[in-house]
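From just these sequences and the hints, can you work out the full model?
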Amino acid sequence: MTRSLSNRVFRFAPSSNGYLHLGHAYSALLNFEMARATGGRLLLRIEDIDIERCRPEFERAIYEDLCWLGLAWEEPVRRQSEHFAEYASALDRLGAQGLTYPCFCTRGEIMVAVASKPDWPRDPDGSPLYPGTCKHLSQEERRRRLAAGQLAAQRIDMEAALARVGFRLGWREYSGAGMEGRDVAAEPGLWGDAVLSRKDIPTSYHIAVVFDDALQGATDVVRGEDLFMATSLHRLLQVLLDLPAPSYHHHPLLRDASGQKLSKSLRAKSLRALRQEGLSAAAAREKLTSGLILATAP
Numbered sequence: 018m019t020r021s022l023s024n025r026v027f028r029f030a031p032s033s034n035g036y037l038h039l040g041h042a043y044s045a046l047l048n049f050e051m052a053r054a055t056g057g058r059l060l061l062r063i064e065d066i067d068i069e070r071c072r073p074e075f076e077r078a079i080y081e082d083l084c085w086l087g088l089a090w091e092e093p094v095r096r097q098s099e100h101f102a103e104y105a106s107a108l109d110r111l112g113a114q115g116l117t118y119p120c121f122c123t124r125g126e127i128m129v130a131v132a133s134k135p136d137w138p139r140d141p142d143g144s145p146l147y148p149g150t151c152k153h154l155s156q157e158e159r160r161r162r163l164a165a166g167q168l169a170a171q172r173i174d175m176e177a178a179l180a181r182v183g184f185r186l187g188w189r190e191y192s193g194a195g196m197e198g199r200d201v202a203a204e205p206g207l208w209g210d211a212v213l214s215r216k217d218i219p220t221s222y223h224i225a226v227v228f229d230d231a232l233q234g235a236t237d238v239v240r241g242e243d244l245f246m247a248t249s250l251h252r253l254l255q256v257l258l259d260l261p262a263p264s265y266h267h268h269p270l271l272r273d274a275s276g277q278k279l280s281k282s283l284r285a286k287s288l289r290a291l292r293q294e295g296l297s298a299a300a301a302r303e304k305l306t307s308g309l310i311l312a313t314a315p
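Going by this note's numbering, 151 is the number at position 134 of the sequence shown; the sequence numbering is gapless.
Hint data in this document are derived by calculation from the structure and do not stem from the laboratory.
Please note that the accuracy of each hint is not assured.
The following label-pair restraints were derived from C-beta to C-beta distances [claimed, not checked]:
| id | residue 1 | residue 2 | range |
| --- | --- | --- | --- |
| 1 | Pro219 | Tyr80 | 25 to 31 Å |
| 2 | Glu242 | His153 | 32 to 38 Å |
| 3 | Gly112 | Pro73 | 31 to 37 Å |
| 4 | Arg124 | Asp243 | 53 to 59 Å |
| 5 | Ala290 | Gln156 | 18 to 24 Å |
| 6 | Gly234 | Arg289 | 27 to 33 Å |
| 7 | Glu99 | Leu296 | 31 to 37 Å |
| 8 | Val129 | Lys278 | 17 to 23 Å |
| 9 | Arg289 | Thr150 | 40 to 46 Å |
| 10 | Ser297 | Phe245 | 28 to 34 Å |
| 11 | Leu154 | Phe245 | 32 to 38 Å |
No residue lacks a Cβ here, since even glycine has one placed at the ideal position from N, Cα and C.
Pasting the structure below:
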């Protein structure tokens, strides 16, 4: 189904757990240019649910970097850390359907449980699928552990969730200016019983992102191709929570000379550092747009 150009809503949603690098700038600029080309809107969202790593100075730097690039967005900016109660409510809806369960396992315990099984399946990110240790606890045992103050993550019961949906899921993926979109079959089962809220954080990226995209009316989710597989899980959650499905464009990632994607964890040079070395905003935009392919939804 073709959406009118005037009601398109794009969003750039960085995490304030470090300084932006050129890869972030590429994604932000792509969203900005696509919104401008279609007469749509651009929103900025700060994904700061990781309250231990996200910091106000990083958030301030995001605004500074994007303004330096010449980008503009609608106000107010949504900060996910201010909306934990809303995400918890969404998670409660899944729990009321019997689609989640508390998990008391540590990462170390999970690794030990599968260590003797070299062929144990892994999720698209390379982590071993959860072996279901806590899934089979009785309700009485779960209540006892929670009453004793034992912390628990919440996992989706993937088998029950897929049975609840009862039909094949998919999404509309588009890429390249003027090119037709394609229908992609979702495979949420590849993620197994994924974590929907952590022990130390009352939500997860997966719950927060689908909730916010729906709440903010995002029609076009434009993000890196490293999140392509996560879209399968997001489509499942959208259906279970009765949320609308946007169209998606997963763009290529910027990589360094060795082929590694630019990332904060690998200490990619930040935009702030590049500015200090003398890079101008015009030069940065030219560098980014030289390989930037505008995409338009079918």
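Is 31 to 37 Å right for how far apart the beta carbons of Gly112 and Pro73 are?
holds (33 Å)
Between Leu154 and Phe245, does the beta-carbon spacing fit 32 to 38 Å?
About 34 Å separates the Cβ atoms of Leu154 and Phe245, which means 32 to 38 Å holds.
For the range 25 to 31 Å, tell me whether the beta carbons of Pro219 and Tyr80 fit it or not.
The hint (25 to 31 Å, Cβ to Cβ) holds, given that Pro219 and Tyr80 are roughly 26 Å apart.
Can the suggested window of 40 to 46 Å be confirmed for the beta-carbon pair Arg289 and Thr150?
holds (44 Å)
Cβ distance range 53 to 59 Å for Arg124 and Asp243, holds or violated:
The hint (53 to 59 Å, Cβ to Cβ) is violated, given that Arg124 and Asp243 are roughly 21 Å apart.
Verify the CB-CB distance for Glu242 and His153 against the hinted window 32 to 38 Å.
Distance hint for Glu242, His153 holds at roughly 36 Å.
Please check whether Ser297 and Phe245 have a Cβ separation lying inside 28 to 34 Å.
holds (33 Å)
Lying within 18 to 24 Å: is that true of the beta-carbon distance Ala290 to Gln156?
Cβ of Ala290 to Cβ of Gln156: about 53 Å, so the range 18 to 24 Å is violated.
Does the Cβ distance between Val129 and Lys278 fall inside 17 to 23 Å?
30 Å Cβ-Cβ, so the 17 to 23 Å window is violated.
Supplied distance hint 31 to 37 Å, evaluated on CB atoms of Glu99 and Leu296:
holds (33 Å)
So the hint says 27 to 33 Å: do the beta-carbon atoms of Gly234 and Arg289 match that?
holds (32 Å)
The earlier numbered hints that this structure contradicts are 4, 5 and 8.
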